[in-house]
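Student: Chains as they are written, first to last, in my numbering: chain A, 1 to 87; chain B, 1 to 306.
What you were told as hints is all true, and nothing was included just to trick you.
In silico DSS-like pairs for lysine-lysine, Cα to Cα no more than 25 Å straight-line:
1. B/LYS45 with A/LYS6
2. A/LYS53 with B/LYS83
3. A/LYS5 with B/LYS45
4. B/LYS83 with B/LYS64
5. B/LYS215 with B/LYS270
6. A/LYS5 with B/LYS76
7. B/LYS60 with B/LYS83
8. B/LYS45 with B/LYS76
9. B/LYS60 with A/LYS53
10. B/LYS5 with B/LYS64
11. A/LYS6 with A/LYS53
12. B/LYS255 with B/LYS270
13. B/LYS255 with B/LYS268
14. A/LYS53 with B/LYS45
Counterexamples of contact, computed for chain B against chain A with all Cβ distances above 10 Å:
15. LEU73
16. ASP74
17. ARG106
18. THR209
19. GLN249
Please keep in mind that the hints were generated in silico from the structure rather than gathered at the bench.
All values derive from a computational prediction rather than experimental measurement.
Each residue gets a CB set at the ideal place from its N, CA and C atoms; glycine is no exception.
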Amino acid sequence: MIILKKGQAGTMQSSDLMVIVEPASELTIEIESTVKKQFEHLIRARLEQVLAKFGVVSGRISVSDRGALDYAIEARLEAALQRAGGA
Amino acid sequence: MADYKLRRSLLYVPGNMPSMLQNVPLFQCDAVQIDLEDAVPLAEKDAARILVRRFLDTYKERNKEVLVRINGLDTKWALDDLKAVLPGLPDGIRLPKADSPDVVERLDTLLTEYEEELGLEVGFFKILPSIETAMGVINAVFTARASTRLIGLAFGAEDYTATMEINRTKTGEELFNARMNVLWAAKAAGIQALDSIFADVNDMDALRTETELIKKLGFTGKSLVNPRQIDVVHEVFAPKQAEVDYALQVMDAIKRAREMGTGVISLKGKMIDRPVVVRAARVLSTARAHGMVDVVINEEDINGAE
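Taking the hints into account, I'd like the entire structure generated from these sequences.
Tutor: Okay, structure coming up:
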C-alpha cells in the first residue's frame, strides 16, 4: 500500500504506543521508547514485519513506545496505516 | 442434570486499553467481556477492533470464557466489529440493546455466515443479549427464545434506568420489576440470568448487598467493571458447606424414599419431595462447578426410575 496522508494511532498510556505514519519518498523508522535500550531491535523487527505484510515500501514511521507488547505494536501500526489510506 | 458453566463474574475490559487487555489471562473471573461499545470513544472504534483482534490472536490458551461486546446492530460499527474480531475466535458476542428477538435473530444469521466462512461448526459463537431498555424488558420472554446460541440474558441497569428516565440507586428498588421479568424470561427458556454492573468500585459493602439480593432472586452471575469486584461476587455465589451437606442428605433421603416405594419422606422433620430434590440437585451442580463435590446428579436421581 501507499501512505497517502498522515495517519496516527495509539495513546501515550502505559503498555501502549503512539504511531504516526506520513508520506515520504523513502522508508524510515524512528523509535522512541521507555525500553529503547533493551528492545529497540525487537520493536523495529515487529514494525518491519507489519510494513512488509502491507507492502509498504516508503513512508516516515515514528513510534513513541510506552512498553507495549508485540500485539499492540502490530495493532497500532495497522490502525495508523488504515487511517493513512489504503490498508 | 448436565454440568453448567459457572458465570458468576463477567468482567468488562475496555477494548482500546492494552494495559487492561493483556491482563485478561490473569484476572480470576469466570468470563471477560471485551468492550468495543461504551468504553471506546467514537474516534477510536477502528483502532480498538484491530487491537482486540491482535490480542485475541495471541491469547491462545484460554483460561476463561471470552465475550466481545460489539456496538449495537443499529450502528455503523457493528458489522466491522464482527468482521474484525470473529476470526480471533471469541466464545461469544455480548449484544447491546437486544430490544427484540429480531435483533438476536439478525446476529444469529451473521454469526452463521462467519462460521461457514471460517470453517467452524454452526453454533460455535454464543450470544449474550443485553436487556437494557424498557422495550427490551417487555420483549425479554421472546428474546430469550430467539436463538439456540443464547447462554443467558444479561440485564443492563445503567441503560435501563436511562431509558426509564430515573436514577439508579444502591438499594435498587427501581429495578425489581425489570429484574424479575429478565429472570422469568431466562428461567422459562432454560438459560442463565446475569445481573447488571455495580458502578461504585469503592463501595464493596453495597456490592456485596446487591449481589446477595440478586443471588436470592435467581441470578447466577453479574457483570463487573473492575477486577477488585471479583472476590466479593465469588464469595457470595460460593455454596455454603452447610447447604451442600444438606443437599447431599436430601438426595440420600429421596433415594431411600423411592426404595420404600414413596416419593415423599421426612428429613429432620421437614418434608422432602420433588421440588426440594430439584433445588438440592441445583446446589450440588453449583458445588460441583466450584470443585466442592464430585457427585454427578442425573435425571434419575431427581425424578426416580420409571
